[in-house]
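Asker: Chains as they are written, first to last, in this note's numbering: chain X, 2 to 239; chain A, 2 to 239; chain G, 2 to 239; chain R, 2 to 239.
Keep in mind that the hints are not guaranteed to be accurate.
Heads up, simulated DSS-like pairs for lysine-lysine below, C-alpha to C-alpha not over 27 Å straight-line [as the list claims (entries may be wrong)]:
(1) A:Lys47 <-> R:Lys120
(2) G:Lys47 <-> X:Lys120
(3) X:Lys195 <-> X:Lys120
(4) X:Lys47 <-> G:Lys120
(5) R:Lys47 <-> R:Lys120
(6) R:Lys47 <-> A:Lys120
(7) G:Lys120 <-> G:Lys195
(8) A:Lys195 <-> A:Lys120
Honestly, the hints are just simulated from the structure, not real lab data.
4 protein chains.
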Amino acid sequence: MTVELVRASAHDADVLFAARVSTLGEQTLAHAPEANEPGGVEAEHKRDRGLINYLMQGRHGSPFEHNSMTFYVRAPIFVFREFMRHRIASYNEESGRYRELGPVFYVPASDRHLVQVGKPGAYDFLPGSAEQTALVQQQTRAAAIHAYESYQRMLEAGIAREVARIVLPLNIYSSMYVTMNARALMNFLSLRTKREGTQFPSFPQREIEMCAEQMEEHFRTLMPLTYDAFNANGRVAP
Amino acid sequence: MTVELVRASAHDADVLFAARVSTLGEQTLAHAPEANEPGGVEAEHKRDRGLINYLMQGRHGSPFEHNSMTFYVRAPIFVFREFMRHRIASYNEESGRYRELGPVFYVPASDRHLVQVGKPGAYDFLPGSAEQTALVQQQTRAAAIHAYESYQRMLEAGIAREVARIVLPLNIYSSMYVTMNARALMNFLSLRTKREGTQFPSFPQREIEMCAEQMEEHFRTLMPLTYDAFNANGRVAP
Amino acid sequence: MTVELVRASAHDADVLFAARVSTLGEQTLAHAPEANEPGGVEAEHKRDRGLINYLMQGRHGSPFEHNSMTFYVRAPIFVFREFMRHRIASYNEESGRYRELGPVFYVPASDRHLVQVGKPGAYDFLPGSAEQTALVQQQTRAAAIHAYESYQRMLEAGIAREVARIVLPLNIYSSMYVTMNARALMNFLSLRTKREGTQFPSFPQREIEMCAEQMEEHFRTLMPLTYDAFNANGRVAP
Amino acid sequence: MTVELVRASAHDADVLFAARVSTLGEQTLAHAPEANEPGGVEAEHKRDRGLINYLMQGRHGSPFEHNSMTFYVRAPIFVFREFMRHRIASYNEESGRYRELGPVFYVPASDRHLVQVGKPGAYDFLPGSAEQTALVQQQTRAAAIHAYESYQRMLEAGIAREVARIVLPLNIYSSMYVTMNARALMNFLSLRTKREGTQFPSFPQREIEMCAEQMEEHFRTLMPLTYDAFNANGRVAP
Chain X
2 MTVELVRASA HDADVLFAAR VSTLGEQTLA HAPEANEPGG VEAEHKRDRG LINYLMQGRH
62 GSPFEHNSMT FYVRAPIFVF REFMRHRIAS YNEESGRYRE LGPVFYVPAS DRHLVQVGKP
122 GAYDFLPGSA EQTALVQQQT RAAAIHAYES YQRMLEAGIA REVARIVLPL NIYSSMYVTM
182 NARALMNFLS LRTKREGTQF PSFPQREIEM CAEQMEEHFR TLMPLTYDAF NANGRVAP
Chain A
2 MTVELVRASA HDADVLFAAR VSTLGEQTLA HAPEANEPGG VEAEHKRDRG LINYLMQGRH
62 GSPFEHNSMT FYVRAPIFVF REFMRHRIAS YNEESGRYRE LGPVFYVPAS DRHLVQVGKP
122 GAYDFLPGSA EQTALVQQQT RAAAIHAYES YQRMLEAGIA REVARIVLPL NIYSSMYVTM
182 NARALMNFLS LRTKREGTQF PSFPQREIEM CAEQMEEHFR TLMPLTYDAF NANGRVAP
Chain G
2 MTVELVRASA HDADVLFAAR VSTLGEQTLA HAPEANEPGG VEAEHKRDRG LINYLMQGRH
62 GSPFEHNSMT FYVRAPIFVF REFMRHRIAS YNEESGRYRE LGPVFYVPAS DRHLVQVGKP
122 GAYDFLPGSA EQTALVQQQT RAAAIHAYES YQRMLEAGIA REVARIVLPL NIYSSMYVTM
182 NARALMNFLS LRTKREGTQF PSFPQREIEM CAEQMEEHFR TLMPLTYDAF NANGRVAP
Chain R
2 MTVELVRASA HDADVLFAAR VSTLGEQTLA HAPEANEPGG VEAEHKRDRG LINYLMQGRH
62 GSPFEHNSMT FYVRAPIFVF REFMRHRIAS YNEESGRYRE LGPVFYVPAS DRHLVQVGKP
122 GAYDFLPGSA EQTALVQQQT RAAAIHAYES YQRMLEAGIA REVARIVLPL NIYSSMYVTM
182 NARALMNFLS LRTKREGTQF PSFPQREIEM CAEQMEEHFR TLMPLTYDAF NANGRVAP
């Protein structure tokens, strides 16, 4: 899974700015973040942290929307299928109608847990045996090669790309740009990662979680106070 | 492609009701559709038609939202991939994580045009030769069988469903419920059908158009005045 | 505040139907709710309740979207201003551009708490003194009469309605239709009511809460299992 | 009306980048905009313009979403009421519950057309007479002063801000931050400006159009190719 942060306009200061218009109104613009505050920089930082935590706790979500992060994601189609169910985001994906797709397929790594136990919706996954691991790797490779040959055969016979591609498997890689704001991203993370201390635990498929973890790392770097408040409040998106 | 209308609360009268609150305010509720109007039923019908046409023409979209249609759709995954890019709708789909998927695959019928000509984004499709048609049917069948055997082999070896399914091809059938209002449906139809007289022509893949055509037929029956106004105004969603 | 349920297509069965497509796929349609289930009606009812609770707890929100409720709401403009910040809903409101607004104004009742104590964002409200109550009632009435006379004077002089109306106060009544699904409604209720046992307490203005309470009552009647699960899980929308 | 561009991450290049992922897939990132192209910079510029026009014409809307513009807007409440009906945007507004609102009111300027002629939904506005203009200015001022005195009287008597504010008129100024992407902004402009050459003419209230015109000017500067394509294709948002 590849996740690159292509472009971001996302800072904790954006949250503060938007939130303070409620209480400061037309003075917000004058009240630049660098303005001198009673108590100096440290006191100001503490107030900022407190305000962001207050917003998160009270589920005042709109101040977390005035920002934007664009990611380039390269992942198999079965991951994109889950990803695009998140509707508060903008997507553009590589098109199998407009271009010939390349022969790059996802094969589960040896450390991918392969055996599910437990109830639907709350599965636990355990490591597979050596035989199971070998089987999965062999089958996913063989199926991919077989399908891709079929795809090529049809293209060579002059069949339209949009028709030929229908034989390709769900583990073929695709790529997309996705743009989200921090509020939407927190909702995504709350559902697509499995973490201790989560108010409402989720059980995502491991492969989308691998994407989510990379996005989370970018988010943590860009908006550290917002990120801390998200974690401190049970990882529920405001 | 199967499309069934599972449930609908969608009538032209809903549009009129919502629109008239603008001009009648608190009297709307009293002003029931069956109320006696000057000029009788025929004149009233003409006024209704005129109001809906006026709304469509002026892109007053919100009155077209106070209604709801739920469809059951059974189609291949490559169709669902395009479908779910429409974000103003509600989806629930069969899950390859929670259940074993059945061996039902889409094979293009003999009348499916297979050869594309023209520029990207505005392709025309022409019938394939007998050889091309035979090749497509043979390849899509063979690839499906091969992939499904691989899927079965992994399931039998105790591999989790969510892992085994990644070898399945894009032409396997899935099923879902989708709920939309008329405004969102018109947007869907404007982009997923190819019709004469369309203000902004679209070039959808034939298979999603086959779904769209069935949805359009339900829409036409449920909301005939709205449907006529949609067509009369270039099939641009308001 | 007037809230009437104009039309609804909203049942717990819709939630179950949509959720079961995940695990039953194409058999859902056949699997009608009245089908004979092992254990009879009572066991089925228990299973239904369990499934809805499971969905709510795991924040599987999409099954709660395949339904629709349309309300007619009559309330002052300052309530509509808060209401329309909820974006997952459809609105049509009486227009001050298209019609002359009637002289109906909101005057706080004697039991409306008038004095705020505590911190911003978490105020408590206490009853006003007899003098305070009298002042509020006298001032809101007098201001309304004065403003409405100004409005009338301009209309009589041939001024356009959209200009004349700008003198009208925020407590003038307006009316609208609003359509929501159960998921959006639960989000609305979680933010616009103040209840014991709420995971993330909110502090709504009392007048919008008066609308929300009436909507909640309709919701409780239409979808009792969903409503119970909402309350049992901290009144957090899934 | 004050509109300031607070922050923007919005360039024509973002549109091109997102669109090209469809046809270039994983090579998009490598294919930086400054890359050497056959035909040099001029030919490249022509290709860019052509692609953006093609997207607009074919209503391929999603590439126009990977960008973000945040505006600070100061305008009367009756303008905000219309503004916030646009749901694909993020808002934070000055709160009459959390702060005391200042006595700043909108009074129509002498060149504001005051007399409406024509049919509902397609009014034309003509200049008022000297008497009409004087009346409007006198009445809006007097009503504002009267209402604000009432507001002050209640605040001084210890009445909560959220109650006292209900007497304030619709022409009192408020301020907000609003964040949109280019696609949402084009939709806003198509409905809130009145221009020659518009495919579906709109008839906005003049005061929101004054905001829209300032936003349009920022948009034109930030994304000139997108802006040209919007105008060349009838000002219909893609």
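Asker: Hints the structure violates: just list their numbers, smallest first.
Answerer: 5
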